[in-house]
Every structure is written in C-alpha cells, then in structure tokens.
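Visitor: Here's the letter readout for the chains.
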Amino acid sequence: MRIFIFAFQTAFKNLWIEKWINFLTVLSISIGLFILSVFGVMTLNMDEVLKRWAKSFGLVVYINDDLSIQKENTLKAGFEKDPDIIGVKYISKDQAIKDLRNIMGKESSILEGFDENPLPSSFELKLQSDLLMPDLVRAKALQIKEIEGVEEVQYGEKWLSSLNTITEIMKISALFLGSITFTAIVFVTYSTIKIFFYRRKDEIETLKLLGATRTFIRFPFLLEGLFLGIAGGIISSVGLFGIYSLITLKVPEFMPSVKAIIVSLPLSVYFIIPPAGAVMSFIGSLIAVGKIRY
Amino acid sequence: MIEFSRVTKYYDQEIVLKDITISIDKAEMVFLAGPSGAGKTTLLKLIYCAERPDEGKIVVAGWDVRTLKQRTIPFLRRNLGVVFQDFRLLKNKTVFDNIALALRIHDMHPAEIKEDVYEVLEDVKLAHKAQTYPPHLSGGEQQRVVIARAMVAKPTVLLADEPTGNLDSDTSFNIMNLFRDINTRGTTVMIATHNEGLFQGSGSRVIHLKENEIDMETVG
Numbered sequence: 001m002r003i004f005i006f007a008f009q010t011a012f013k014n015l016w017i018e019k020w021i022n023f024l025t026v027l028s029i030s031i032g033l034f035i036l037s038v039f040g041v042m043t044l045n046m047d048e049v050l051k052r053w054a055k056s057f058g059l060v061v062y063i064n065d066d067l068s069i070q071k072e073n074t075l076k077a078g079f080e081k082d083p084d085i086i087g088v089k090y091i092s093k094d095q096a097i098k099d100l101r102n103i104m105g106k107e108s109s110i111l112e113g114f115d116e117n118p119l120p121s122s123f124e125l126k127l128q129s130d131l132l133m134p135d136l137v138r139a140k141a142l143q144i145k146e147i148e149g150v151e152e153v154q155y156g157e158k159w160l161s162s163l164n165t166i167t168e169i170m171k172i173s174a175l176f177l178g179s180i181t182f183t184a185i186v187f188v189t190y191s192t193i194k195i196f197f198y199r200r201k202d203e204i205e206t207l208k209l210l211g212a213t214r215t216f217i218r219f220p221f222l223l224e225g226l227f228l229g230i231a232g233g234i235i236s237s238v239g240l241f242g243i244y245s246l247i248t249l250k251v252p253e254f255m256p257s258v259k260a261i262i263v264s265l266p267l268s269v270y271f272i273i274p275p276a277g278a279v280m281s282f283i284g285s286l287i288a289v290g291k292i293r294y
Numbered sequence: 001m002i003e004f005s006r007v008t009k010y011y012d013q014e015i016v017l018k019d020i021t022i023s024i025d026k027a028e029m030v031f032l033a034g035p036s037g038a039g040k041t042t043l044l045k046l047i048y049c050a051e052r053p054d055e056g057k058i059v060v061a062g063w064d065v066r067t068l069k070q071r072t073i074p075f076l077r078r079n080l081g082v083v084f085q086d087f088r089l090l091k092n093k094t095v096f097d098n099i100a101l102a103l104r105i106h107d108m109h110p111a112e113i114k115e116d117v118y119e120v121l122e123d124v125k126l127a128h129k130a131q132t133y134p135p136h137l138s139g140g141e142q143q144r145v146v147i148a149r150a151m152v153a154k155p156t157v158l159l160a161d162e163p164t165g166n167l168d169s170d171t172s173f174n175i176m177n178l179f180r181d182i183n184t185r186g187t188t189v190m191i192a193t194h195n196e197g198l199f200q201g202s203g204s205r206v207i208h209l210k211e212n213e214i215d216m217e218t219v220g
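Each protein sequence line maps, in turn, to chains A and B.
The first sequence begins at 1 in this note's numbering and counts up one residue at a time.
The second sequence begins at 1 in this note's numbering and counts up one residue at a time.
Think of the hints as simulated: they come from the structure by calculation, not from any bench.
In this text the structure is predicted, and so the values were computed from the model without any measurement.
Among the hints, erroneous ones may be present.
Derived SDA-like pairs (lysine to any residue); straight-line CA-CA distance at most 25 Å [claimed, not checked]:
(1) B:LYS91 <-> B:GLY140
(2) A:LYS201 <-> B:THR94
(3) B:LYS91 <-> A:MET170
(4) A:LYS13 <-> B:LYS154
(5) A:LYS51 <-> A:THR215
(6) A:LYS55 <-> A:ALA141
(7) A:LYS55 <-> A:ASP82
(8) A:LYS194 <-> B:LYS154
(9) B:LYS91 <-> A:THR213
(10) B:LYS93 <-> A:THR215
(11) A:LYS98 <-> A:GLU116
(12) B:LYS93 <-> A:ILE169
(13) B:LYS114 <-> A:ARG2
(14) A:LYS158 <-> A:TYR62
(15) A:LYS140 <-> A:ASP66
(16) A:LYS13 <-> B:GLY140
(17) A:LYS55 <-> A:MET170
(18) A:LYS89 <-> A:GLN143
(19) B:LYS154 <-> A:ILE5
(20) A:LYS201 <-> B:ASN92
(21) B:LYS129 <-> A:THR206
(22) B:LYS154 <-> B:ILE22
(23) A:LYS201 <-> B:PHE96
(24) B:LYS93 <-> A:PHE12
Estimated spans, in silico, between C-beta atoms of each pair [as the list claims (entries may be wrong)]:
(25) B:GLY37 <-> A:PHE4: 19 to 29 Å
(26) B:GLY62 <-> A:ASP202: 45 to 55 Å
(27) A:LYS201 <-> B:THR218: 38 to 48 Å
(28) B:ASP64 <-> A:ARG214: 14 to 24 Å
(29) A:LYS201 <-> B:GLY139: 16 to 26 Å
(30) B:PRO35 <-> A:LEU24: 43 to 53 Å
(31) A:ILE5 <-> B:PRO35: 30 to 40 Å
(32) B:GLN131 <-> A:LEU175: 27 to 37 Å
(33) A:PRO275 <-> B:GLY165: 35 to 45 Å
(34) A:LEU24 <-> B:GLY139: 31 to 41 Å
(35) A:LYS201 <-> B:GLY37: 22 to 32 Å
Glycine included, each C-beta is placed from N, C-alpha and C at the ideal position.
Let's have the full structure, built from the sequences with the hints guiding it.
Guide: Shown next as structure tokens:
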C-alpha cells in the first residue's frame with residue numbers, strides 16, 4: 001500500500017517536473033478525444049433524426065377499385081394482426097380526393113375535369129422501427145403486394161436507401177476515426193512515457209541495484225500515463241460542453257432549422273470521455289514500460 | 001555467506017574472471033585487491049547479480065545466483081548493501097531521500113524510514129546535511145551518503161567498490177573506520193580496492209586478483 005502512495009507522489013512530482021512535455025501531451029490527447037467526441041455527437045444527432053423520421057415513415061397500400069367493403073375490412077384486420085405493422089390507417093377514395101384538393105389549393109379545379117374519382121382507396125401502414133432497413137421494407141412491400149385486392153404498394157424507397165447509406169457511412173467513419181484516435185493517443189502517451197523513461201534511466205538503474213521490483217519502478221510511469229489521459233479527457237469534455245451549449249443555445253437564434261436536428265446530449269457522454277482517455281493513455285504507457293528490461 | 005566455485009566470466013570473447021573459487025564467512029571483512037582491470041568490479045557485480053557467471057557456481061546468502069530468476073533478483077539485492085564506485089546518488093533528491101529510497105523499496109512505514117535514516121546519518125556524521133542535494137556535497141560527504149544508503153536497510157552483506165578512490169587520506173581513514181564499525185555489528189564486508197594502504201595492518205583477509213584470476217590470499 002505504501003508503495004502505491006509513494007508511486008502516486010513520484011508520479012505527481014514527475015508530472016510537475018516535466019510540465020511542458022506533459023502539457024503538450026495532454027493537449028494532443030484532448031484534441032484527439034474532442035474530434036472523436038464531436039464525431040460521436042454528430043452520429044448521435046443523425047441517429048436521432050433517423051428515429052424521428054422513422055416515426056413518420058409508412059407504406060401506402062393502394063387497393064383495387066372493385067374491392068368490396070367486406071374485403072377491405074378483411075384486409076384491414078389482416079394488417080392489424082401483422083406484428084410488423086404498428087399502425088393502420090384507412091383512407092377512402094373520398095378522403096383521398098379531399099386531401100388532394102387541400103394540397104392543390106387553387107389549382108384543384110383541374111380535378112373537376114374527371115367524371116368520377118380517379119383515386120383509389122388505400123391503407124397507410126406504419127412499420128416497426130427495427131424493420132426500417134431498405135431490404136426488409138422492400139420484402140415487406142412485396143409480401144403485401146401479393147395479397148389479393150392490393151393493387152400497388154408505395155414507399156420512399158430511394159429516400160430510405162439514401163438515409164441508410166448515410167447512417168452506414170457515419171458508423172464506418174466513426175469506427176475509422178475512433179481507431180485512428182485510439183492509435184494516436186496510445187502512440188502519443190507511449191512516446192511521452194518512453195521519453196520520461198530515458199530521462200530517468202540513471203534513477204531507474206539505481207533503483208534496480210537497490211532492489212526495487214518491476215512494479216515499484218513501473219507503477220509511477222503507468223500512473224503518469226493514466227493522469228495524462230484523464231486530464232486530456234477532462235479538457236475535451238469541458239470543450240465539448242462549451243461548444244455544444246453554444247450551438248444549442250445560440251445557433252438556433254439565427255438558424256432555427258438547426259433546432260430540429262440537435263438533440264440534448266446525455267450527461268453521461270461528458271463523463272465517458274475522461275475514462276476513455278485514461279484507458280487509451282494507460283495502454284500507451286503499458287506498452288512503453290512493458291519493454292523495460294530488468 | 002558468499003561462495004564462488006570455479007567461476008569464469010567472459011565479456012564477448014574476452015575472459016574477465018577465470019576459475020575463481022572463494023569462500024567468505026558471515027561477519028567477515030575481506031579485501032579484494034588488484035590493479036585496475038583485474039576483475040574486481042566484475043566479481044562484485046556477480047555477487048549483486050548485475051552480471052551472471054558463464055561457468056561455475058555462486059551462492060550469496062543462500063541464493064544460487066546462476067539459477068536465480070530475473071524477478072527474484074530484487075529480493076537478493078535487498079540483502080546486500082552496495083557502495084558503488086560512481087556513487088549512483090540521485091542529484092534531484094536530497095540526502096535524506098536518497099537514503100530513504102533504499103527503505104521505501106522495502107515498503108517501510110514513513111515514520112520508521114525517518115528514524116532509520118537519521119540514525120544512519122548520525123553514524124556517518126551527516127545528519128546536518130539531510131536536506132542537502134548531492135551536488136552540494138564534497139566527495140567524502142557523497143561517499144558517506146552512499147555508505148549510509150548501503151547500510152540503512154541493515155544488509156547481511158556490504159560490498160564496496162573502490163570506496164576511497166578519489167578521497168584524501170584523512171577522509172579515507174574515516175570511511176574505513178565506518179566499514180569496520182559496520183563489520184563489528186555482524187555484517188559481512190567486502191571491499192574492492194587497488195589501494196594497498198587501505199588493508200595494510202587491518203588484520204583482514206586480502207584476496208589478490210591478477211590478470212583476471214586469484215593470485216594469492218594474504219592477511220592485511
């Protein structure tokens with residue numbers, strides 16, 4: 001236990017002695033973590049936008065004109081029983097033309113030229129959110145189209161596909177950026193600890209000759225790495241909090257549309273960054289001191 | 001306490017110790033004499049495991065040095081006090097901290113460390129320099145700090161490599177008295193020196209090394 005207290009004291013002392021190189025290391029770690037967290041926040045916002053959009057996503061099922069009311073009811077009951085479908089809304093021919101007139105406004109007069117209502121009756125179906133993948137939606141649409149009485153099934157296929165692609169790109173980019181940041185932070189800490197190690201080579205040699213164990217020699221270095229990561233993480237968290245608060249509070253004043261795509265960031269995000277930095281830099285220092293030969 | 005049995009050591013292809021057999025008893029004071037390059041430092045290094053023998057067997061305080069695992073070396077070294085030729089004092093630590101380091105390694109309580117360090121500083125008459133940094137001490141004072149560090153953990157064996165190498169005769173005399181004091185308390189003391197004046201009239205055993213092997217044994 002006393003060895004650990006001594007290691008803490010030694011680590012803090014050395015952090016102060018090597019303050020400039022430590023400052024630069026902390027700065028590098030905080031920049032890396034900040035970039036990573038900004039990208040993470042962007043992905044989080046994108047995900048939120050997708051979730052919001054998913055709530056309004058629906059399949060429009062047009063039914064044959066000659067279908068009897070009884071058969072329409074059978075169709076509706078079938079949709080309601082389907083576990084993939086969470087909402088069923090019936091739109092009659094009359095309702096459809098009425099809605100179209102509302103949408104067209106003044107230009108709705110062109111609809112007067114029709115002798116009879118050209119629009120079919122339809123069902124608007126809302127799917128489970130975990131089904132909102134292009135392939136799954138397409139399969140569901142084909143399955144519904146096969147049902148007797150269904151004339152056509154429409155949905156925003158291209159839109160869904162584009163959003164899906166964007167989400168995939170964001171996820172891959174986050175993974176890529178995460179890997180790069182991870183490697184960079186590990187490398188920065190590794191280099192710093194290695195420099196410290198070489199600067200204290202004589203001291204380490206003396207400690208060895210006096211009978212110090214590997215743990216006694218390595219522990220202060222590992223702690224130094226850990227502190228650098230935590231400090232970098234804290235600075236990054238504070239920076240993220242400041243900039244995110246600025247964006248959520250100030251930007252909507254002159255760009256109101258931003259408000260729709262910004263989600264409030266969970267507090268846990270700010271608390272995750274310092275331990276993440278600590279883990280990364282601890283790994284870096286572990287590699288650096290792991291190569292120390294006794 | 002220290003047993004060398006037909007020990008040979010090479011550096012690359014060059015032989016530095018040849019067929020050394022020595023036996024040193026507990027609480028004995030032994031001098032290792034010989035000119036520079038005779039192999040005195042290497043012999044001491046073999047005892048504290050800074051080097052390993054290429055041939056032969058070494059047993060120190062019951063530990064077989066040749067088969068000792070790397071991670072066990074610290075525990076052997078804790079039984080030994082070493083006065084290095086180049087002092088190996090940490091310039092950025094005070095005299096107190098330099099000596100205390102040897103006890104911190106033993107995971108001792110800070111209060112005990114303080115007590116033991118001041119006790120040993122009294123022995124070497126440097127208590128008033130406890131908060132001084134080594135670069136501000138004279139050569140003799142630095143040497144006494146190194147001796148204090150070597151003896152503070154009360155080792156069973158004290159090894160000294162040219163302990164009076166750069167010191168004037170008065171300081172050398174005082175330092176030798178210190179070693180005699182340590183020896184009378186039951187510590188085995190082994191001093192490597194090329195200075196014959198150190199062991200003449202001492203009554204201690206002197207092992208003479210010449211051209212990397214034992215030349216003769218005399219009594220000083």
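Visitor: Does each hint fit the structure? Answer for all of them.
Guide: Status of the hints after comparison with the structure:
Between LYS91 of chain B and GLY140 of chain B, the direct Cα distance comes to roughly 16 Å. Compliance with the 25 Å bound is thereby established for this hinted pair. Taking the CA atoms of LYS201 of chain A and THR94 of chain B, the gap is near 18 Å; set against the 25 Å cutoff, the hint holds. Note on LYS91 of chain B and MET170 of chain A: the hinted pairing is violated, with a Cα-Cα distance of about 54 Å set against a maximum of 25 Å. Taken as a hint, the LYS13 of chain A and LYS154 of chain B pair is broken in the structure, with Cα atoms around 29 Å apart against an allowance of 25 Å.
With a C-alpha separation of about 50 Å, the suggested pair LYS51 of chain A and THR215 of chain A falls outside the 25 Å cut-off, and the hint is violated. The suggested pairing of LYS55 of chain A with ALA141 of chain A holds, with an alpha-carbon distance near 18 Å, which does not exceed 25 Å. A C-alpha spacing of about 18 Å is found between LYS55 of chain A and ASP82 of chain A, which places the hinted pair at or below 25 Å, so the restraint holds. For the hint linking LYS194 of chain A to LYS154 of chain B, the alpha-carbon distance of about 34 Å lies beyond 25 Å, and the restraint is violated.
For the proposed pair LYS91 of chain B and THR213 of chain A, the alpha carbon gap of about 22 Å is at most 25 Å, so the pair holds. At roughly 21 Å between alpha-carbon atoms, LYS93 of chain B and THR215 of chain A fall within 25 Å of each other, so this suggested pair holds. Distance restraint check for LYS98 of chain A and GLU116 of chain A: the Cα-Cα separation of roughly 13 Å lies within the 25 Å cut-off, and the hinted pair is therefore satisfied. Under the criterion of a C-alpha separation no larger than 25 Å, the hint pairing LYS93 of chain B with ILE169 of chain A is inconsistent with the structure, at around 55 Å.
Using a Cα cut-off of 25 Å, the hinted pair LYS114 of chain B and ARG2 of chain A holds, with the two alpha carbons roughly 14 Å apart. Restraint check for LYS158 of chain A and TYR62 of chain A: the C-alpha separation of about 19 Å stays at or below 25 Å, so the hint holds. Between the alpha carbons of LYS140 of chain A and ASP66 of chain A the distance comes to roughly 24 Å, so the proposed pair stays at or under 25 Å and holds. Pair hint LYS13 of chain A plus GLY140 of chain B does not hold up; C-alpha atoms about 30 Å apart against a cutoff of 25 Å.
A threshold of 25 Å between alpha carbons decides the hint, and for LYS55 of chain A with MET170 of chain A the separation of about 21 Å falls inside it, so the pair holds. Pair hint LYS89 of chain A plus GLN143 of chain A holds up; C-alpha atoms about 18 Å apart against a cutoff of 25 Å. As the CA atoms of LYS154 of chain B and ILE5 of chain A are separated by approximately 24 Å, the hinted pair is consistent with the 25 Å bound. Annotation: proposed proximity of LYS201 of chain A to ASN92 of chain B holds, straight-line Cα distance about 13 Å (limit 25 Å).
For the hint linking LYS129 of chain B to THR206 of chain A, the alpha-carbon distance of about 21 Å falls within 25 Å, and the restraint holds. Using a Cα cut-off of 25 Å, the hinted pair LYS154 of chain B and ILE22 of chain B holds, with the two alpha carbons roughly 24 Å apart. As the CA atoms of LYS201 of chain A and PHE96 of chain B are separated by approximately 21 Å, the hinted pair is consistent with the 25 Å bound. Taken as a hint, the LYS93 of chain B and PHE12 of chain A pair is honoured in the structure, with Cα atoms around 15 Å apart against an allowance of 25 Å.
The hinted range of 19 to 29 Å is not satisfied by GLY37 of chain B and PHE4 of chain A, whose Cβ atoms lie roughly 44 Å apart. Checked against the given bound of 45 to 55 Å, the beta carbons of GLY62 of chain B and ASP202 of chain A, roughly 31 Å apart, lie outside it. The hint said 38 to 48 Å for the Cβ distance between LYS201 of chain A and THR218 of chain B, and at roughly 40 Å that hint holds. Distance hint check: the CB atoms of ASP64 of chain B and ARG214 of chain A are about 21 Å apart, consistent with the given range 14 to 24 Å.
Judged by the Cβ atoms, the range 16 to 26 Å given for LYS201 of chain A and GLY139 of chain B holds: they are separated by roughly 24 Å. Checked against the given bound of 43 to 53 Å, the beta carbons of PRO35 of chain B and LEU24 of chain A, roughly 51 Å apart, stay inside it. Checked against the hint of 30 to 40 Å, the C-beta distance between ILE5 of chain A and PRO35 of chain B comes to roughly 48 Å, which is inconsistent with it. Between GLN131 of chain B and LEU175 of chain A the beta carbons are some 55 Å apart, a value that contradicts the proposed interval 27 to 37 Å.
At about 53 Å, the beta-carbon gap between PRO275 of chain A and GLY165 of chain B misses the expected band of 35 to 45 Å. Evaluation of the 31 to 41 Å hint for LEU24 of chain A and GLY139 of chain B yields a pass: the beta carbon distance comes to about 39 Å. The given range of 22 to 32 Å is respected by LYS201 of chain A and GLY37 of chain B, whose C-beta atoms sit roughly 26 Å from each other.
Hint compliance for this structure: hints 3, 4, 5, 8, 12, 16, 25, 26, 31, 32, 33 are broken, all remaining hints hold.
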